[in-house]
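Sequences listed follow chains Z and H, in order.
With the first letter of the first sequence counted as 1, position 78 gets the number 78 in the numbering used here; the numbers rise by one all the way through.
Adding 102 to a residue's 1-based position in the second sequence gives its number in the numbering used here.
No lab work stands behind these hints, which were simulated from the structure alone.
Do not rely on the hints blindly, as some may be mistaken.
To be verified - Using 30 Å as the maximum straight-line C-alpha spacing, the simulated DSSO-like pairs for lysine-lysine come out as follows:
no.	chain 1	residue 1	chain 2	residue 2
1	H	Lys423	Z	Lys90
2	H	Lys423	Z	Lys83
3	H	Lys553	Z	Lys55
4	H	Lys509	H	Lys193
5	H	Lys423	H	Lys509
6	H	Lys553	Z	Lys53
7	H	Lys193	H	Lys423
What the hints assert, rightly or not - Residues from chain Z that keep clear of chain H, each with C-beta distances beyond 10 Å, as calculated:
no.	residue
8	Pro28
9	Ser29
10	Ser30
11	Trp36
In this text, a Cβ means the ideal position worked out from N, Cα and C, and glycines have one as well.
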Amino acid sequence: MSKDTEELRQQRGPEPSPGEDDAWLARPSSIRLLWWIFSVVLALTVAAQLVIKVKGYFDVDGWFAFGAIYGFLACFAMVVFAKALGRFVKRDEDYYRVADDD
Amino acid sequence: MTEFLPPALILLLGALLIGPARGAWRSAIVLVTPLLTLVAIWQVPDGVVTTVSFLGYPIEPVEGSPVRRLFATIFALMAFTGGLYAFRQAKWYELAAAFAYAAGAVGVSFAGDLISLFLFWELMAIFSTVVVWCGGTPEARAAGIRYAIMHLLGGVILKVGIEGVMVHTGSVEIRPMLANNFDTWMILIGILINAAAPPISAWLSDAYPRSSPTGSVFLSAFTTKTAVLALILLFPGEPVLIGIGLYMVMYGIIYALLENDVRRILAFSIVNQVGFMVCAIGIGTQMAINGAAAHAFAHIIYKALLFMSAGVVVYRTGLTKCTEVGGLFRTMPLTAICGIIGALAISGFPLTSGFTTKTMISQSAANEGLVAVYFMLAAASAGVFLHAGIKFPWFVFFQRDSGLRPKDAPWNMGAAMVLFSVLCILLGVAPELLYRFLPYPVDYVAYAPSKVIFYLQLLLFSGLAFFLLLPMMRRTNTLTLDTDWFWRVALNRSWTAFESLLARAGAGLGRLRARLSGRILTRAHFYLGGAPRGVFAQAWPIGTTAIWIAVLLTAYVTFYYIV
Chain Z
1 MSKDTEELRQ QRGPEPSPGE DDAWLARPSS IRLLWWIFSV VLALTVAAQL
51 VIKVKGYFDV DGWFAFGAIY GFLACFAMVV FAKALGRFVK RDEDYYRVAD
101 DD
Chain H
103 MTEFLPPALI LLLGALLIGP ARGAWRSAIV LVTPLLTLVA IWQVPDGVVT
153 TVSFLGYPIE PVEGSPVRRL FATIFALMAF TGGLYAFRQA KWYELAAAFA
203 YAAGAVGVSF AGDLISLFLF WELMAIFSTV VVWCGGTPEA RAAGIRYAIM
253 HLLGGVILKV GIEGVMVHTG SVEIRPMLAN NFDTWMILIG ILINAAAPPI
303 SAWLSDAYPR SSPTGSVFLS AFTTKTAVLA LILLFPGEPV LIGIGLYMVM
353 YGIIYALLEN DVRRILAFSI VNQVGFMVCA IGIGTQMAIN GAAAHAFAHI
403 IYKALLFMSA GVVVYRTGLT KCTEVGGLFR TMPLTAICGI IGALAISGFP
453 LTSGFTTKTM ISQSAANEGL VAVYFMLAAA SAGVFLHAGI KFPWFVFFQR
503 DSGLRPKDAP WNMGAAMVLF SVLCILLGVA PELLYRFLPY PVDYVAYAPS
553 KVIFYLQLLL FSGLAFFLLL PMMRRTNTLT LDTDWFWRVA LNRSWTAFES
603 LLARAGAGLG RLRARLSGRI LTRAHFYLGG APRGVFAQAW PIGTTAIWIA
653 VLLTAYVTFY YIV
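Using the sequences plus the hints, can you model the full thing?
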């Protein structure tokens, strides 16, 4: 379904110059604002536990901020593991094309 | 029972008519047939509807039950929405193949015996291969062949199991069993190959991303989910499925994290999501089976939605890699929003269908006291948000500005995406709409405040982890080796090595033969060769012969007198 490069080039707008992008979402000021909002939301989800008691199924998951810490650490572990595994199993994207030509 | 058309037959008829029909008629067939099928599905009563005798076995091509109707419904709904998404862009033969493929899925849903299950199973294998081939590139052709080999092999294994059960029990009925002998193991393995379970899961991530933008939408829905239904019907509570499911969940996340191709990221997350269902079937309680069925239903919707969103990007730009796209939200707002809704749903965010169905599986693990399973599923839920929930929309629609300014989705693709987005949210806010149709009575409250807070923390902090770890996740132009390396490269190499070994052995034998025959020939020549060189062939004077005879006679006479 690939299109001509010519057509693709026509779809490209002018080269973006940092700082004066028209899209609101891409401006550094709005990204900073979004980080602030995100941080507040994060804090609120943890603070909510002060008001509403989280009933864990196995005791440990009812601890304060358990979901937050567990979610963060689980993701951290998965990313690090993927990165380590990638050292062994990542290949150039032409790998199979070359292998088939052998 | 009453005379009526089996639902699968309606869809198959539609598939046959798509080819000869033209213009508006073809569009009408694509859009109306799935709806007629849907009506027929809801006419199927509980229990066996039709029985035919075949080789002395009772064949029951249509048997109704709540879980069968549920799966058939989502398959027909998928055929409709996929048809809506594809009917103006896809080739007619891709649509026809996709509908025949969907007919196979609906057929499996209602198959009352192992023989009809097998027939519809193979129908799916054949026509899904055609859908892969419709990708139209040399890579699609090659991937389609690998896909076909894998599924035909799976079919053979399934058939061996079915034959075994037929011979040993004398019954072809579909009923719950455990993998405790050769026959049932073969059936289980045959089904698990279609569920993309390890170690044969690479066919999915190999083939699906090679299909056309419209084809991958159909492919994402049917094969793995019919396998889930078959597992629900045949192996509920089979303990080995828990481990297999957990492996699939983790495998999907890790491989998706390493991947650069957008649609392959989504393909890996199919394996991940099916892992949740397989694990639930392994747990096997009523709540777990409800969870697996509900999650399959919700999953087909949001996964197709994600593939639709990615498909529009591929259709408009021809690009499929994270390293090539980015910043597309500027000109593709609808595709971006629908993609984000699908991504939130797959992550199981509260107010989406993923939350109301996936948490049911976690709850069933907790109820059974499976601590490790529960915590691994929780970690996996965080991982889903990481690899699909944020990674997909972030790299495609945000990230950096790639400079691409493609148009947004064509109206029909947009309409299909909006329809499924609405369903994702509807099932999230009003889960009882789905809960009513689950196989067992539902005693489950999705929106307990304590659960909502736990999952919000889990998901939002994995979002934080994503953005903090972004430098570690920079996309590279690479692929990741999978088990298919063994048959794509290792098998190839060992065959080549075997061939060169044979060639060398042949050459050695040839040399030996040459040397031996040379030597024999020389000898033969020495004795028998033509005059005057061969020893026996030389011409001797007649006098010499006379002397020799005289000598022999003398010796004989002398010897005679002595004795």
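Checklist entry - Going back to the hint list, which numbers does this structure go against? => result none
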